[in-house]
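Colleague: Using the sequences and the accompanying hints, generate a full structural model.
These protein sequence lines map, in sequence, to chains A and B.
Using the numbering used here, read the first sequence as starting at 1 and increasing by one per residue.
Using the numbering used here, read the second sequence as starting at 128 and increasing by one per residue.
Treat the hints as calculated values from the structure; they're not laboratory data.
Here are some chain A residues pointing at chain B (derived, C-beta under 10 Å):
| # | residue |
| --- | --- |
| 1 | GLY77 |
| 2 | ILE81 |
| 3 | ALA120 |
Okay, the calculated bits of chain A under chain B, using three or more residues with CB under 8 Å as the criterion:
| # | stretch |
| --- | --- |
| 4 | 18-24 |
| 5 | 28-35 |
| 6 | 46-58 |
| 7 | 70-76 |
| 8 | 84-95 |
| 9 | 102-111 |
Just a sample of chain A residues kept apart from chain B, beta carbon distances all over 12 Å, derived:
| # | residue |
| --- | --- |
| 10 | GLY41 |
| 11 | VAL61 |
| 12 | LEU65 |
Bear in mind the structure is a predicted one, so any value in this text is a computation, not a measurement.
All residues carry an ideal CB built from backbone N, CA and C; glycine is no exception.
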Amino acid sequence: MRDRTLWTWHIGAGVVILVLLGLHMAIMHLDQSLGIFGTPGAEPVEWESVVARAGSLFFTVTYVLLLGAALYHGFYGLRNILLELNPGPGIRRLVNVGLTVIGLGLFAFGTWAALAAPGAASMAMGG
Amino acid sequence: MESRGHPNRLGIRGWVGGGRWGFERYLYTLHRVTGLGLLAYFVLHIFVTSSRALGPEAWDQAMGVVSGPLFMIGEYLVFAAFAFHAVNGIRLAIIELGYAVGRPIEPVYPYATSVGRQRRLARAALMIAAVVALWGGLDFFVLA
Chain A
1 MRDRTLWTWH IGAGVVILVL LGLHMAIMHL DQSLGIFGTP GAEPVEWESV
51 VARAGSLFFT VTYVLLLGAA LYHGFYGLRN ILLELNPGPG IRRLVNVGLT
101 VIGLGLFAFG TWAALAAPGA ASMAMGG
Chain B
128 MESRGHPNRL GIRGWVGGGR WGFERYLYTL HRVTGLGLLA YFVLHIFVTS
178 SRALGPEAWD QAMGVVSGPL FMIGEYLVFA AFAFHAVNGI RLAIIELGYA
228 VGRPIEPVYP YATSVGRQRR LARAALMIAA VVALWGGLDF FVLA
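Modeller: In structure tokens, the structure reads:
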């Protein structure tokens, strides 16, 4: 694919990340001052909160969307940095194929975790 | 991005210097360094948080590994890197779309440069990033 198209996606993914990672950071790390997502009596990283988010369709969908956008944005950025060093055609191909395979593998793994988490939560509660 | 016909002679060394570069050039370096740091953290973060799919014991065990003051400082550095990379990214997108660079003018002395127009945006971006990073610091270390 042409670099111009990939670059446009990179910027588009950046906008998606800005919104979703902004929300993620606000929920996880500005919880004391904002309290946007509150599970009464539990910190955002406690299992109780994890279960509450895992059971929500909104969180599952946005996790997968953020995962894909962030992996694309990050690995495309890394590819830019590496290809800017003018490697030979063999290394160039290795970078292109290698980063795509690693990125897709991580996406598959992260998506599995997001989809399997509600099942793990209900099993833990004996359901 | 390919650099066909324009060999990148400085390579990585070019990130830290190579001429009489302006302030924005160092924001470029910081954007890259924070981007690489965030990517490295993100890949680890995927593995650590995926433990939730294996149940509460696996989750608590994973959270136990990444707790303590050292990890808290590390997490805060990630938050600060996010604040800078996000706000500077907005600045880059604004400039990429052709805003805040000034109108094209005839090159008549005294020359007005686009960099002079962009600088206010760069200063504003740094200030906003600093405010977000300080807010995070307050939440991480004072209110927690």
